[in-house]
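Engineer: Here is what each chain is made of, one letter per residue.
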Amino acid sequence: MGITNITFKKFISLIFTERGSIEYSVLFDIRLPRIILGLAIGGALSLAGVILQGLFRNPLVEPYTLGISGGAALGVCLNIIFQLEQNLGGISLPLSGFLGAILIIFLVYSLSIKKGILKIQELLLTGVMLSFILSSLIMLIMAISHIQDLQGIIFWIMGSLAEPNWFLIKLMFFVSILGLLFSYIFCHALNALSLGEEEALHLGINVELTKRLLFILASLLTGFSVSVAGIIGFVGLVVPHFMRNLIGNDHRILLISSFLSGAGFLVLCDTLARTIISPLELPVGVITGILGGSIFIYVLSKKQMKS
Amino acid sequence: MKKYIILQILFLVILFANSALSISSPYPQRIISLGPYITEALYLLGVQDKLIGCTVYCKRPPDAEKKEKVGTVIQINIEKILTLKPDLVIATALTQKKDIEKLKKLGIKVIRFSSPKNFFEICSQFLELGRIVGRYDIAEKIVQEAEDRVGQIKSKTENLPKVKIFIEIGTNPLFTINNDSFVNDFIEFAGGINIAKDAKTGIYSREAVLKENPDVIIIATMGIVADKEKQIWEKYKTLKAVKNNRIYIFDAYKLCSPTPISFAETLEELVNILHFKR
Numbered sequence: 001m002g003i004t005n006i007t008f009k010k011f012i013s014l015i016f017t018e019r020g021s022i023e024y025s026v027l028f029d030i031r032l033p034r035i036i037l038g039l040a041i042g043g044a045l046s047l048a049g050v051i052l053q054g055l056f057r058n059p060l061v062e063p064y065t066l067g068i069s070g071g072a073a074l075g076v077c078l079n080i081i082f083q084l085e086q087n088l089g090g091i092s093l094p095l096s097g098f099l100g101a102i103l104i105i106f107l108v109y110s111l112s113i114k115k116g117i118l119k120i121q122e123l124l125l126t127g128v129m130l131s132f133i134l135s136s137l138i139m140l141i142m143a144i145s146h147i148q149d150l151q152g153i154i155f156w157i158m159g160s161l162a163e164p165n166w167f168l169i170k171l172m173f174f175v176s177i178l179g180l181l182f183s184y185i186f187c188h189a190l191n192a193l194s195l196g197e198e199e200a201l202h203l204g205i206n207v208e209l210t211k212r213l214l215f216i217l218a219s220l221l222t223g224f225s226v227s228v229a230g231i232i233g234f235v236g237l238v239v240p241h242f243m244r245n246l247i248g249n250d251h252r253i254l255l256i257s258s259f260l261s262g263a264g265f266l267v268l269c270d271t272l273a274r275t276i277i278s279p280l281e282l283p284v285g286v287i288t289g290i291l292g293g294s295i296f297i298y299v300l301s302k303k304q305m306k307s
Numbered sequence: 001m002k003k004y005i006i007l008q009i010l011f012l013v014i015l016f017a018n019s020a021l022s023i024s025s026p027y028p029q030r031i032i033s034l035g036p037y038i039t040e041a042l043y044l045l046g047v048q049d050k051l052i053g054c055t056v057y058c059k060r061p062p063d064a065e066k067k068e069k070v071g072t073v074i075q076i077n078i079e080k081i082l083t084l085k086p087d088l089v090i091a092t093a094l095t096q097k098k099d100i101e102k103l104k105k106l107g108i109k110v111i112r113f114s115s116p117k118n119f120f121e122i123c124s125q126f127l128e129l130g131r132i133v134g135r136y137d138i139a140e141k142i143v144q145e146a147e148d149r150v151g152q153i154k155s156k157t158e159n160l161p162k163v164k165i166f167i168e169i170g171t172n173p174l175f176t177i178n179n180d181s182f183v184n185d186f187i188e189f190a191g192g193i194n195i196a197k198d199a200k201t202g203i204y205s206r207e208a209v210l211k212e213n214p215d216v217i218i219i220a221t222m223g224i225v226a227d228k229e230k231q232i233w234e235k236y237k238t239l240k241a242v243k244n245n246r247i248y249i250f251d252a253y254k255l256c257s258p259t260p261i262s263f264a265e266t267l268e269e270l271v272n273i274l275h276f277k278r
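Going down the list, the protein sequences come from chains Z and E.
Heads up, the first sequence is in the working numbering, so the first residue is 1 and it goes up one at a time.
Heads up, the second sequence is in the working numbering, so the first residue is 1 and it goes up one at a time.
Some hints here could point you the wrong way.
[As the list claims (entries may be wrong)] In silico contact screen, one side only, chain E against chain Z (beta carbon under 10 Å); selected entries:
| hint | residue |
| --- | --- |
| 1 | K66 |
| 2 | T72 |
| 3 | Q75 |
| 4 | L88 |
| 5 | L94 |
| 6 | Q96 |
| 7 | K104 |
| 8 | K197 |
| 9 | K200 |
The set of hints was computed from the structure by calculation and includes no laboratory data.
Don't be surprised by glycine CBs; every beta carbon is placed ideally from N, CA and C.
All chains should be modelled from the sequences, with the hints used to inform the complete structure.
Structural biologist: Below, the structure written as structure tokens:
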């Protein structure tokens with residue numbers, strides 16, 4: 001597949017005998033990191049999507065709705081126009097993205113707490129408004145920045161899985177697995193919450209604590225993903241939806257199945273993105289949008305026909 | 001028969017010497033260029049046979065279109081580059097930093113040229129490129145020739161009256177060139193004044209153009225857009241450039257592909273437009 005044709009037989013012999021060859025390098029230095037990062041990001045975004053949709057009981061919420069991605073994008077923009085990257089090295093870009101994301105998470109969170117209660121509806125509204133403000137700020141920066149910086153910003157916003165830094169890839173993988181394990185503590189709580197807050201309370205769930213922890217968990221997953229790979233759209237919206245349609249609303253299986261299918265979906269999209277018009281590569285967001293959107297509409301229309 | 005054997009041995013010796021030479025050569029033998037003007041410069045330096053890959057935008061000279069393509073100027077395919085086994089990749093300011101980092105991690109030598117800010121930098125970068133590929137003498141000769149031509153033009157235009165110019169390289173938003181780019185040197189060497197010289201970025205307002213009222217407007221975008229732009233400008237009858245019918249459409253490739261030679265050629269063309277209305 002791809003530019004370099006590597007058959008399965010060749011693949012086996014590569015692993016055992018031909019270390020140091022070009023094909024080996026293509027497989028293990030270029031494709032493997034991309035696949036691992038794709039699995040991690042796809043899983044994390046889908047997981048964040050499931051959690052947020054469950055929390056808000058709103059199927060339109062996705063990881064980027066709450067302005068977290070906007071915060072990360074603003075952080076990266078500022079980094080690029082002040083040229084911190086030259087002074088602090090390549091790792092500063094994801095770092096400033098993450099700082100931006102954390103700042104927005106904190107802001108949304110503290111603005112939505114009234115008298116010690118986290119108001120879910122206000123959280124949503126504040127997040128949406130903040131993300132509008134942020135995208136305007138980003139446009140402002142783009143309008144007044146130099147051409148060369150502009151290009152850097154646009155590419156970052158389009159999102160990409162071609163991350164050269166192994167440390168970031170491993171970190172992201174670790175974070176998303178940890179996120180999955182952590183989310184399982186709340187799978188019963190999420191099921192209860194989908195009945196409504198009061199009902200959950202009657203079922204003996206500490207609603208306040210659960211809401212806060214779930215919000216923070218989903219935000220952190222999103223923040224990490226966006227900081228490492230930029231804004232790859234649609235995964236966090238479509239995959240959770242799709243899985244809900246397919247296997248129902250039980251979060252005990254919904255969490256893991258969304259995680260896995262999100263991971264697989266993103267890797268598939270990335271493979272298509274880099275092979276469809278090779279040697280040119282498409283931004284992966286192009287494929288996630290087109291493929292994810294059309295599959296989703298197809299499934300939705302089929303479901304309506306049945307009912 | 002003996003003669004034949006001697007010939008054969010001689011042939012083998014030459015072959016061996018040749019391959020030994022090319023192995024020990026300190027200069028890159030398999031070069032990939034990631035920018036059109038780098039590709040053009042490599043052809044000028046006569047090392048086109050060592051150029052094994054370039055971008056899909058590299059169309060000059062026409063022979064460059066036959067080379068292996070490794071992506072666009074801004075989005076390269078690392079896998080493709082790796083399989084071509086280059087010993088040098090020449091990147092531009094538009095190459096993504098992540099990609100450069102990745103190539104370096106894969107053990108490929110990468111040199112990055114920044115966008116030249118003036119004619120002096122065009123020449124010094126060309127010389128640097130010549131040194132890297134082992135053709136410094138040719139580079140020196142070309143730069144000398146270009147400098148002579150540019151010097152002659154400068155001395156010719158020095159005593160001519162200055163012409164106020166607005167140069168448009170993009171529409172929607174209106175985009176121009178400030179003195180961060182070598183294009184500003186075109187204007188100044190040709191005896192013009194760039195009205196946007198001190199602008200902070202390339203985005204410029206039509207209002208400011210009306211206020212500065214340039215003598216000449218040059219549109220350097222491609223195709224139908226340029227004609228449409230000309231029509232838009234012609235609506236503003238107060239502009240001197242409109243009154244005197246001095247709006248010109250200029251080939252964007254010529255203006256934006258800075259090798260020393262093409263700089264001199266384009267400059268000559270511009271002088272003709274500005275001062276002799278040709």
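Engineer: Confirm or reject each hint.
Structural biologist: Here is what the structure says about each hint:
1. K66: 15 Å, violated
2. T72: Since the shortest Cβ distance to chain Z is 6 Å, the answer is holds.
3. Q75: 6 Å, holds
4. L88: Since chain Z brings no Cβ nearer than about 17 Å to L88 (chain E), farther than 10 Å, the hint is violated.
5. L94: 6 Å, holds
6. Q96: The hint holds - Q96 (chain E) has a Cβ within 10 Å of chain Z, the shortest such distance being about 6 Å.
7. K104: 8 Å, holds
8. K197: Nearest chain Z Cβ about 16 Å off; hint violated.
9. K200: With a minimum Cβ separation of about 7 Å from chain Z (threshold 10 Å), the hint on K200 (chain E) holds.
Violated hints, listed in ascending order, are 1, 4 and 8; each of the other numbered hints is respected by the structure.
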